[in-house]
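Chemist: Following the hints, put chain B in place on chain A, whose structure we already have.
Those protein sequences? They're chains A and B, same order as listed. Be aware that the first sequence starts at 2, since it is given in my numbering, and climbs by one per residue. Be aware that the second sequence starts at 2, since it is given in my numbering, and climbs by one per residue.
Each hint should be verified, as a subset may be incorrect.
[To be verified] Result set (SDA-like, lysine to any residue): computed pairs, CA atoms no more than 20 Å apart in a straight line: (1) A:Lys269 - B:Lys80; (2) B:Lys141 - A:Asn308; (3) B:Lys303 - A:Ile148; (4) B:Lys141 - A:Arg314; (5) B:Lys80 - B:His42; (6) A:Lys412 - A:Gly370; (7) B:Lys303 - A:Ile157; (8) B:Lys217 - A:Glu51; (9) A:Lys440 - B:Pro259; (10) A:Lys269 - B:Gln159; (11) B:Lys303 - B:Leu292; (12) B:Lys369 - A:Pro129; (13) B:Lys369 - A:His104; (14) A:Lys153 - B:Gln310; (15) A:Lys32 - B:His42; (16) B:Lys141 - A:Ile301; (17) A:Lys153 - B:Asn297; (18) A:Lys192 - B:Ala260.
[Claimed, not checked] Cβ-Cβ distance ranges computed for the label pairs, FRET-style: (19) B:Ser342 - A:Lys32: 53 to 61 Å; (20) B:Leu237 - A:Ala48: 46 to 54 Å; (21) B:Thr191 - A:Lys32: 54 to 62 Å; (22) A:Gln411 - B:Gln223: 34 to 42 Å; (23) B:Gln261 - A:Asn417: 34 to 42 Å; (24) B:Ser346 - A:Asn110: 33 to 41 Å; (25) A:Gln160 - B:Ser346: 18 to 26 Å; (26) B:Ala169 - A:Asn417: 53 to 61 Å; (27) A:Asn70 - B:Ile256: 34 to 42 Å; (28) A:Asn110 - B:Ser280: 39 to 47 Å; (29) A:Asn108 - B:Gly338: 43 to 51 Å; (30) A:Thr227 - B:Ala119: 37 to 45 Å.
Hints are computed from structural coordinates only; laboratory data are not their basis. Cβ coordinates follow ideal geometry from the N, Cα and C atoms, glycine included.
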Amino acid sequence: MRVKPFFYFLTFLSIFIIGTTQAETSHVILKIEHWSTKNGIPVYFVAKNEIPIIDIGVLFHAGSAQDNNSPGIAQFTAQMLDQGTQNLNADQIATRFEAVGAHYSANTNQDMTVLNLRSLSAPQFFNPALSTFSTLLKDATFPDLAINRIKKQMLIALQQEAQIPSAIAAKTFYQTLYGLHPYASPILGNKISIKQLSQEKLLNSYHHNYVAKNAMIAIVGNVRQTKAMTIAEQLSTMLAKGETSIPVNAPLSSHFKSHIIKVPYPSKQTTIFLGQIGIAVKDPDYFPLVVGNQILGGGILTSKLFNEVRNKRGLCYGISSGFKPLQAAGPFLIVLQTRRDQAAKALSLTQQTLKNFLAKGPTPQELQGAKQALIGSFPSSIASNEGILAATEKIGFYQLPLDYLDTYQQKINSVNLEQIRHAFQRIKSEKMIIVMLGK
Amino acid sequence: MFFKKILVYFGLLFLSPLGWAGDVHEYHLKNGLTVLVKEDHRAPVVISEIWYKVGSSYEPNGITGVSHALEHMMFRGTKKFGPGVLEKIVSENGGEQNAFTDSDFTTYYQKFSADKLAVSFELEADRMRNLLLRPQDFLKEIQVVMEERRMRVDDNPQEILLERLNAAAFVASPYHHPVIGWKNDLQNMTVEDLRKWYETWYAPNNAILVVVGDVKPNLVYQLAQTYFSNLKPITLPKIKPEKDLSPLGEKRLIIRTPAQLPWLVMAYPVPVIKQGVNSQDPYILDLIATLLSGGNSARFAKNLIRGQQIAADANAFYNPVSRLDNLFLLQATPIPGHTLSELESSLLKQIKQLQTFSVNTEELTRAKAQITADKIYREDSITAEAFELGSLAAINLPWQIKQDYLKRINAITPYKRLPINIC
Chain A
2 MRVKPFFYFL
12 TFLSIFIIGT
22 TQAETSHVIL
32 KIEHWSTKNG
42 IPVYFVAKNE
52 IPIIDIGVLF
62 HAGSAQDNNS
72 PGIAQFTAQM
82 LDQGTQNLNA
92 DQIATRFEAV
102 GAHYSANTNQ
112 DMTVLNLRSL
122 SAPQFFNPAL
132 STFSTLLKDA
142 TFPDLAINRI
152 KKQMLIALQQ
162 EAQIPSAIAA
172 KTFYQTLYGL
182 HPYASPILGN
192 KISIKQLSQE
202 KLLNSYHHNY
212 VAKNAMIAIV
222 GNVRQTKAMT
232 IAEQLSTMLA
242 KGETSIPVNA
252 PLSSHFKSHI
262 IKVPYPSKQT
272 TIFLGQIGIA
282 VKDPDYFPLV
292 VGNQILGGGI
302 LTSKLFNEVR
312 NKRGLCYGIS
322 SGFKPLQAAG
332 PFLIVLQTRR
342 DQAAKALSLT
352 QQTLKNFLAK
362 GPTPQELQGA
372 KQALIGSFPS
382 SIASNEGILA
392 ATEKIGFYQL
402 PLDYLDTYQQ
412 KINSVNLEQI
422 RHAFQRIKSE
432 KMIIVMLGK
Chain B
2 MFFKKILVYF
12 GLLFLSPLGW
22 AGDVHEYHLK
32 NGLTVLVKED
42 HRAPVVISEI
52 WYKVGSSYEP
62 NGITGVSHAL
72 EHMMFRGTKK
82 FGPGVLEKIV
92 SENGGEQNAF
102 TDSDFTTYYQ
112 KFSADKLAVS
122 FELEADRMRN
132 LLLRPQDFLK
142 EIQVVMEERR
152 MRVDDNPQEI
162 LLERLNAAAF
172 VASPYHHPVI
182 GWKNDLQNMT
192 VEDLRKWYET
202 WYAPNNAILV
212 VVGDVKPNLV
222 YQLAQTYFSN
232 LKPITLPKIK
242 PEKDLSPLGE
252 KRLIIRTPAQ
262 LPWLVMAYPV
272 PVIKQGVNSQ
282 DPYILDLIAT
292 LLSGGNSARF
302 AKNLIRGQQI
312 AADANAFYNP
322 VSRLDNLFLL
332 QATPIPGHTL
342 SELESSLLKQ
352 IKQLQTFSVN
362 TEELTRAKAQ
372 ITADKIYRED
382 SITAEAFELG
392 SLAAINLPWQ
402 IKQDYLKRIN
412 AITPYKRLPI
422 NIC
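Same shape as in the complex, but just chain A:
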């Protein structure tokens, strides 16, 4: 890659926000069909026939929060699925997918492992792709040779992480914030835990987690519902009934005053993460917090943090704040990086901006602007099949109501100033975890 274009801004927080529709529309914007397979797997389906493609997501409650004594095992297990099955080796699996132009991917975060398949919808392409995909759910064999190779690659991935300032800072932030809670566990694991993984442990993780009771299926694309039902059955018959994973507990906020962690790193900039425990996906304060955060640091180019720290003073390139809602409470965090000699100044300005916001709350004009931005930008978040799949996966996985997208607009619209002020009382500017990474 010779050059990547240089953007006016980049954001470091990928925060999941399902937006809303235009204020004037009230019709159903996405018809999500929902049923369960014979062995009880919930299925969510959206027909989109304009493009001849099908996207499938199979999600398991198998995130790094389930890793327990083997940090990294959920991610490692997911990466092993296409490394060998009873009848196919890694070369054959890759060849089968790619001969029909299909894309397969496996991703893990704190809450889940997501297996995605994107394929052309014509049967001569789709059927072979689905058949290869299905076999990964049941027949993966975790060959020792592949385990050893993936171990080496994971150790390198850890080193790669260790040369990205924001990745190290994020890891330190999660570990400090969550302490003994499972969300502290790094998704990739660590050097020692990766070396200790064995075929037995991985097979155990696979058989235990990749089961019907732990799964959810999302299908989006150029396919009729009857066919989608057949697809879901085909996938579900690959999975044993099994047991539901034990959900993670709510994390306890154990910090009574601000806590600064300095991480030495040979960089020109200091990377600053500050935050505390935020909210779970189903938190009743979700909407006031989303709208309020838009004003504080979520709104690109318009937020208070962007204005104060970047626009008025030129102290940084990237700055944003956000909530990362998870099954249990995910973090609230503010991220910025600045030249090291002005790090203290940028940090104190950020803290002061947060403090002012918490004390005064937004103005009616700011509230109105934030609502318009969130409401108006919603249609483009579900304009593509990819966006629809992501929204459907979230709704299904976190069991949000089927009309979640349709009512989102109204819920954003009904947020008032008092609700925002009240909801933000849970953010305590004097009790922040602060990570400063730099020289």
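Modeler: Okay, now just chain B, sitting in the frame of chain A:
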């Protein structure tokens, strides 16, 4: 893998006709503004982009990075939309906006609900000729740009290597210098440098308006006339012929910078698609990049990552859509226990095998299927569609090139001659 994304969408061979893929409509305003419109009615949204034919490869020494710095200042207010107003208007209309600068172009865009297209046009029309460029804003914004450089280049070992690699590989070509500019040039840049640059390049006859989404092409054209037709064209500088020099042999570069992992990059000067030059080479090179690293079944994954287990990752990059001749890149990270020179030999062997062993039919068909499928997947994103149109038009290539692309890829048969010179 940014480059792979540039190229998709190019006609279709083995699938039934594309009912959803609207044609591209091309219009020209009297003042020289080109308007390209593509309908996509899947959702009530639109992306509107304005592409300027100027980027870092137009910059002389001393003011490297000026295109990008100006791009930043384009968010600091115009006559009609003062400082802070522009971002507020876009945001309150539910729009998203950003801009990006590359070596061959600078692009500004908004994504709106389709009925807000006029907001975008009004704003961009004023921004094309009436930028404020206030010195007090520049003093802050140039600091932001320098922070961006620190973050994206100086604190990123791989970016440092790529920056130095370009400086070594391109001798006379303006691709020699980085898009964000050398630090010293940024430190000495003035708002007057930006003003001159703005006055030289920002005009309707040096711009392309690209609109993709839930729109009617003739209405977009009318709207474009309403907002842009009163802007005056300017006399653009005549660009002298630019040609890089022959490398005269191999160059080796060792970069020492704080990092956890060694990293190897090999670069070969290669041709790109040129108007009026009917060469198959760019298409062959693109197919080769797919054969080498287009997926988990490609040669690098099969032979270097899984087979020899010498690389943790290994990729080939090539972008045939480029104003001037560019590089074919190989990038790889060695597995511990293997040296960089062993890795280099393995990569070279893979390239040599392309010459000595002909590609088998199954492998070639698979690579073509991948390229074709990826083109269809790209149709899912209006952003990708707009990028494709704009990046061709910005370097004066007809957008029709994309129509023929798959046809040309599919015409490639196992070849004897490789369009890369390896010593």
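Chemist: Each hint: holds or not?
Modeler: Hint check:
| no. | hint | in the structure |
| --- | --- | --- |
| 1 | A:Lys269 - B:Lys80 | violated (37 Å) |
| 2 | B:Lys141 - A:Asn308 | holds (11 Å) |
| 3 | B:Lys303 - A:Ile148 | holds (16 Å) |
| 4 | B:Lys141 - A:Arg314 | holds (6 Å) |
| 5 | B:Lys80 - B:His42 | violated (34 Å) |
| 6 | A:Lys412 - A:Gly370 | holds (15 Å) |
| 7 | B:Lys303 - A:Ile157 | holds (19 Å) |
| 8 | B:Lys217 - A:Glu51 | holds (18 Å) |
| 9 | A:Lys440 - B:Pro259 | holds (13 Å) |
| 10 | A:Lys269 - B:Gln159 | holds (15 Å) |
| 11 | B:Lys303 - B:Leu292 | holds (11 Å) |
| 12 | B:Lys369 - A:Pro129 | holds (17 Å) |
| 13 | B:Lys369 - A:His104 | holds (14 Å) |
| 14 | A:Lys153 - B:Gln310 | holds (9 Å) |
| 15 | A:Lys32 - B:His42 | holds (17 Å) |
| 16 | B:Lys141 - A:Ile301 | holds (18 Å) |
| 17 | A:Lys153 - B:Asn297 | holds (17 Å) |
| 18 | A:Lys192 - B:Ala260 | holds (18 Å) |
| 19 | B:Ser342 - A:Lys32: 53 to 61 Å | holds (59 Å) |
| 20 | B:Leu237 - A:Ala48: 46 to 54 Å | holds (50 Å) |
| 21 | B:Thr191 - A:Lys32: 54 to 62 Å | holds (57 Å) |
| 22 | A:Gln411 - B:Gln223: 34 to 42 Å | holds (35 Å) |
| 23 | B:Gln261 - A:Asn417: 34 to 42 Å | violated (49 Å) |
| 24 | B:Ser346 - A:Asn110: 33 to 41 Å | holds (39 Å) |
| 25 | A:Gln160 - B:Ser346: 18 to 26 Å | holds (23 Å) |
| 26 | B:Ala169 - A:Asn417: 53 to 61 Å | holds (60 Å) |
| 27 | A:Asn70 - B:Ile256: 34 to 42 Å | holds (40 Å) |
| 28 | A:Asn110 - B:Ser280: 39 to 47 Å | holds (46 Å) |
| 29 | A:Asn108 - B:Gly338: 43 to 51 Å | violated (29 Å) |
| 30 | A:Thr227 - B:Ala119: 37 to 45 Å | holds (44 Å) |
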